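Going line by line, the protein sequences match chains A, B and C.
For the first sequence, the numbering used here gives the first residue as 1, with consecutive numbering after it.
For the second sequence, the numbering used here gives the first residue as 1, with consecutive numbering after it.
For the third sequence, the numbering used here gives the first residue as 1, with consecutive numbering after it.
Don't take every hint at face value.
Claimed, not checked - Cβ-Cβ distance ranges computed for the label pairs, FRET-style: (1) Pro127/A x Cys126/C: 33 to 41 Å; (2) Ile24/B x Ala25/A: 46 to 54 Å; (3) Ala77/A x Ala154/C: 23 to 31 Å; (4) Asp34/C x Asp37/B: 41 to 49 Å; (5) Gln114/C x Ala189/A: 22 to 30 Å; (6) Leu19/B x Ala8/A: 57 to 65 Å.
Don't read these hints as lab results, they were simulated from the structure.
Predicted model only: the values in this text are computed from it and were never measured.
Heads up, the beta-carbon is just placed ideally off N, CA and C, and yes, glycines get one too.
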Amino acid sequence: MSSLTLYASDVAALMRKDLRLELRARDTLPAMLLFVLSTLVVFHFALPTGTSDDAAYGLLWIAIVFTALLGLARAWAPEREGGALDGLVLAPCDRSAIWLGKTLAVFVFLTAAELVALPAFALFFAPVDLVAIAGVVLASVGICAVGSLLAAMAAASRGREVILPLLFLPLAIPLIVGGVGAGISPQGATYLSFLALYDLIFAILAWATFEYVITE
Amino acid sequence: MSQGQYVALAYGVVFVFVLLWVAIIAAKLARLERETDELANLARERSVDG
Amino acid sequence: MSSRNNLPVLAFATTALLGIAVVLALLVAPEDVDQGVSQRIFYFHVPIALTAYLCFGLGAWKALRLLSVGGERRDLESYTWIHQGTIFGALTLITGSIWAKASWGVWWSWGSNQLVLFLVLFLFYCAYFMLRFSVDEGARRERICAVYALFGVALIPVSFFAIRLASDFIHPTVFTREGPQMTGTMFGSFLVCWAGITLLAYVMYRIELVGKRTDANLRELREALS
Numbered sequence: 001m002s003s004l005t006l007y008a009s010d011v012a013a014l015m016r017k018d019l020r021l022e023l024r025a026r027d028t029l030p031a032m033l034l035f036v037l038s039t040l041v042v043f044h045f046a047l048p049t050g051t052s053d054d055a056a057y058g059l060l061w062i063a064i065v066f067t068a069l070l071g072l073a074r075a076w077a078p079e080r081e082g083g084a085l086d087g088l089v090l091a092p093c094d095r096s097a098i099w100l101g102k103t104l105a106v107f108v109f110l111t112a113a114e115l116v117a118l119p120a121f122a123l124f125f126a127p128v129d130l131v132a133i134a135g136v137v138l139a140s141v142g143i144c145a146v147g148s149l150l151a152a153m154a155a156a157s158r159g160r161e162v163i164l165p166l167l168f169l170p171l172a173i174p175l176i177v178g179g180v181g182a183g184i185s186p187q188g189a190t191y192l193s194f195l196a197l198y199d200l201i202f203a204i205l206a207w208a209t210f211e212y213v214i215t216e
Numbered sequence: 001m002s003q004g005q006y007v008a009l010a011y012g013v014v015f016v017f018v019l020l021w022v023a024i025i026a027a028k029l030a031r032l033e034r035e036t037d038e039l040a041n042l043a044r045e046r047s048v049d050g
Numbered sequence: 001m002s003s004r005n006n007l008p009v010l011a012f013a014t015t016a017l018l019g020i021a022v023v024l025a026l027l028v029a030p031e032d033v034d035q036g037v038s039q040r041i042f043y044f045h046v047p048i049a050l051t052a053y054l055c056f057g058l059g060a061w062k063a064l065r066l067l068s069v070g071g072e073r074r075d076l077e078s079y080t081w082i083h084q085g086t087i088f089g090a091l092t093l094i095t096g097s098i099w100a101k102a103s104w105g106v107w108w109s110w111g112s113n114q115l116v117l118f119l120v121l122f123l124f125y126c127a128y129f130m131l132r133f134s135v136d137e138g139a140r141r142e143r144i145c146a147v148y149a150l151f152g153v154a155l156i157p158v159s160f161f162a163i164r165l166a167s168d169f170i171h172p173t174v175f176t177r178e179g180p181q182m183t184g185t186m187f188g189s190f191l192v193c194w195a196g197i198t199l200l201a202y203v204m205y206r207i208e209l210v211g212k213r214t215d216a217n218l219r220e221l222r223e224a225l226s
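Bound conformation, chain A alone (with noise of 0.2 Å):
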């Protein structure tokens, strides 16, 4: 039991130096919460009049997938920029452990974002339920478990932030069916399993691989 106290304690040590980190520089938070307030006021311009409720809601979960690439193209950029990804490589602790820490710091920032955007969104177009929030909880836990693993094939590409939305895009259809499904249908439970499911499938499948994806 004490190895899994050990990679506990690493998980929480990563995710605890990110937010720090993040803290202390304010570049990439900030930016996420102007950006998807920006958006939403951009899609009260670029909808007409008439619109229904349903499509603007389809139009919140672009807001939030965009946001949340702005965040993870930011993702590894400490550790690309100090040169620190070696050195975590080279340490101790489970390369799994690395990716798990980081997909909870961006977490902790798309919440932040989700915190600001869910209630603007409320204001500005249509009331939001449980449901629906419920649907966004489980969509960004898909987004952060599948784009901080892309998010580190991108630092090792040449392309880096172009390349992040073209990866990412196809893998975020799913989430993007199953936060709006869960926000607009009646059978939002239905939304909600499947979500559930895509978190289940590809966070074991980021967990497992993420060591082949950083080592040199």
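Fit chains B and C to the known structure of chain A by using the hints.
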């Protein structure tokens, strides 16, 4: 376009795709032949010198 | 290794098989009562789709073997299978679109779950090539591509369900096609076409693989000689 023409179009596209693939492989083959010739010359010079 | 090269035999067999397949599909098989002549597209469209799935699956299998056992050989094999899958995936989209136009009068329908699924997969695997060409060559690139290939096969069933769920609230104009009540001749023709297309993919894979391996060998030779 009649239904039959659509069928012909569909089968035709498959045919054209495969032919396109053959053309691309042929170009690759030509490049590989050129490179092999270059390397053969390099090897010949080597064996003459050495 | 190539002392017993069966590739020419396979290529000739493919040609023969596909020749027979085309004759069966276009001339021998009886015309479908409901859909008419346009149903004949099915004889190639469905095997091409199935073959694309097979290629993606084999690409993922080779990727898994690369990660667990290793070897540059498996990287090229995985890459080539995914390349074939993308080619046949593109063909699935094109033939599917033509069939849609012939059956329903529109080149695209979001209600056709199979077409939408292939569109998502096509986007995913196109990104595979972008990823591959933007990472510097080496063991790390092999592993990254292998991991991505594994994500691909996981995406196939998940996307399938997502698209099914999406049709509930996207409300597309759903066109239905009566599943052909296949007679024995029709089914037999379908099987021959399926065998021919699958064999074609395999032969194309083998040929491409030779090209890629030769490329790699030539590069090594060049480095050794200069």
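Status of the hints after comparison with the structure:
no., hint, result
1, Pro127/A x Cys126/C: 33 to 41 Å, "holds, 39 Å"
2, Ile24/B x Ala25/A: 46 to 54 Å, "holds, 48 Å"
3, Ala77/A x Ala154/C: 23 to 31 Å, "holds, 27 Å"
4, Asp34/C x Asp37/B: 41 to 49 Å, "violated, 59 Å"
5, Gln114/C x Ala189/A: 22 to 30 Å, "holds, 27 Å"
6, Leu19/B x Ala8/A: 57 to 65 Å, "holds, 59 Å"
The structure fails to meet hint 4 from the earlier list, while all remaining hints are met.
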